[in-house]
Amino acid sequence: MVDVYNVKALDYGSAGDASATIKRKLKQLGVDSTILRRIAVASYEVELNLIIHSLGGTLTLKMSPTEILLVSDDIGPGIPDIEKALQEGFSTASEEARNLGFGAGMGLPNMKRNADEFSIESASGAGTHIRMRFQLQ
Amino acid sequence: MTISEIIKILDARVLCGENDLEQEVYTACGSDLMSDVLAFVKDKTVLITGLTNVHVIRTAEMLDIHCIVFARGKVPGEEVLEEARELGIVVLTTRHTTYTTCGLLYQMGIRGNNECVAKTE
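Chains as they are written, first to last, in the working numbering: chain U, -6 to 130; chain E, 17 to 137.
Pulled out of the complex, with its shape left as it was, chain E reads as follows:
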C-alpha cells in the first residue's frame, strides 16, 4: 500500500513530505511508547502515535520509519516538522483515534510486526 492510499483511508492531512507519497508501506505500529517502538519495529513501517515531541522523529530516524501518522488530529510543533523534513519523513495527521486509525489500516490489509505477537505469547 502506498502512503497516498493511507491518506485516503484515514482521511489524513499531509504535514510534510508531499513529494514522497508514492512510497510503499508494508507494516504498521501503533504506540505512544517509543521504547516499545524501538523494541518491535523491524521493517519499514508506518508509525501511528499520539505523542508529538521531537523524540518521535528521532526514533523514526533510527528505525528507517518513513511515515508517521499523528492520531486524534494532533499536529506537532514546527521544530518537530522541520526535523522530519530534513530527514525526508512523511508526516500525516488524522482526526481518528489511535485505535481507529490502526483498525482502519488493519482492515485494509496492513499488519503489525510478527515479533510483537511472539513477544506477548
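Pulled out of the complex, with its shape left as it was, chain U reads as follows:
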C-alpha cells in the first residue's frame, strides 16, 4: 500500500496533518506502539522540514507486513552542506518557525535516530530526497 501526502511550503497551519493521518492509519493496522511513536516523530520532523525549509514536496508512506517506508521529496532549494545539517543544533530555520517552537536544529538528527535506516540526498539548487525505513517485528 502506498499513500502520498502533499505538503505545502510555509503552511504552518497544516503542520502535523499528514503525520497525524499516517499515525492513525498505522495504529489501525496494529503497528506496535513503540515503533509507531518512532515513525510518528520521524514523520512529523520530516513534514515540518518540508514546511519550514522546502519549496513544497510530498511525503510518501509505503507499507508492507515487514516494514514501513517514509520518503520525502521536495522541489528545492536543496541543502548545500548535508554533513552540517545533520549536526544537532545546526539550523537555518526562520524566526517564524522558531516562534512556533521549532527550528532548534534537531530535525534531521532526530529522524536518523528514530529510523532503522536513514538516507538523504540533496544539493544546493536541487531537491532533497529523504528515505527512512522502519522494521516491523
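Each hint should be verified, as a subset may be incorrect.
Stated by the list, open to error - Listed next, the stretches of chain E that the computed footprint assigns to chain U, with coverage defined by at least 3 CB atoms under 8 angstroms from CB atoms of chain U:
id: 1; region: 43 to 50
id: 2; region: 60 to 73
id: 3; region: 78 to 92
Worth flagging that the hints you see were computed from the coordinates, not collected in a lab. This structure is a prediction, so every number in the text was calculated from the model and none was measured. Glycine included, every Cβ here is placed at the ideal spot set by N, Cα and C.
Use these hints to put chain E onto chain U, whose structure you have.
The following block gives chain E in isolation, referenced to the frame of chain U:
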C-alpha cells in the same frame, strides 16, 4: 503518580480531560522548544511548557503525551483545547513558572528522561 496528584502538587486547574485524571504519569519534560521535546521524550510523559499554540498539542499527539501543563497561568485558545479534547489529552494550567513546576514535580519523585542526560554529557 496520577494526574490527580499532579493537580494537587501544582495547585493546577483542569482545562480539559476531566474524566481522565486517574492516568499514571512516570516522567516529565519541561520545554518551550517542541524540537527538543520531539528529540528527547521517549515514554509516556507530562509536558510542562509556556508555549500555547496548537503545535504543542500536535507534538504531544506524535509522542503519546497524555498530559500537558501550561505554566505561569497560561491558558491556550479554545481551538487548541478543542484539538486536545479530540485527542483525549489532559490539559492543566498552573500559576507556577516552568522552573518551579518542574521543581515541585521533581521533589515529589517525577524524573526526566534519562536520554536527556546522556545527550548533554
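Hint check results:
With a cut-off of 8 angstroms between beta carbons, the region 43 to 50 of chain E has 3 residues touching chain U; three or more are needed, and the interface restraint holds. Coverage of a stretch by a chain is defined here by at least three residues with a beta carbon nearer than 8 angstroms to that chain's beta carbons; for the region 60 to 73 of chain E and chain U the count is 4, and the condition holds. Judged by the Cβ-Cβ criterion of 8 angstroms, the region 78 to 92 of chain E is covered by chain U as claimed, because 3 of its residues qualify and three suffice.
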